[in-house]
Amino acid sequence: MKKPSSKIRAEIVKLQEQLKQAETRDAERIGRIALKAGLGDIEIDEAELQAAFEEVATRFRKGLGKRSVSATAAISTGEASDGRGEG
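In this note's numbering, the protein residues as written are 547 to 633.
Worth flagging that the hints you see were computed from the coordinates, not collected in a lab.
DSS-like, lysine-lysine: derived pairs with alpha carbons at most 27 angstroms apart:
hint: 1; residue 1: 553; residue 2: 566
hint: 2; residue 1: 560; residue 2: 549
hint: 3; residue 1: 548; residue 2: 560
hint: 4; residue 1: 582; residue 2: 566
Given the structure is predicted, the values throughout are model-derived calculations rather than measurements.
With the hints as constraints, model all of the structure from the sequences given.
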């Protein structure tokens with residue numbers, strides 16, 4: 547049985563509102579984290595900041611953000627398995 551178009555439109559409106567609320571929650575969470583990290587005090591171009599966030603997102607999508615502290619420290623000091631560090 548097909549849904550009438552009015553019912554589909556109502557569902558779309560409801561889903562759009564849910565999406566807006568989810569995006570607001572995400573933005574507030576990321577904003578709080580950014581402020582705690584001190585980004586609110588830095589004068590930086592918005593495009594540069596977005597590029598930096600995109601790099602972080604890529605790092606976490608690849609699973610690099612889930613390393614232990616000691617593994618991260620080894621990479622930052624160039625002590626990774628290949629001796630070249632991350633990169």
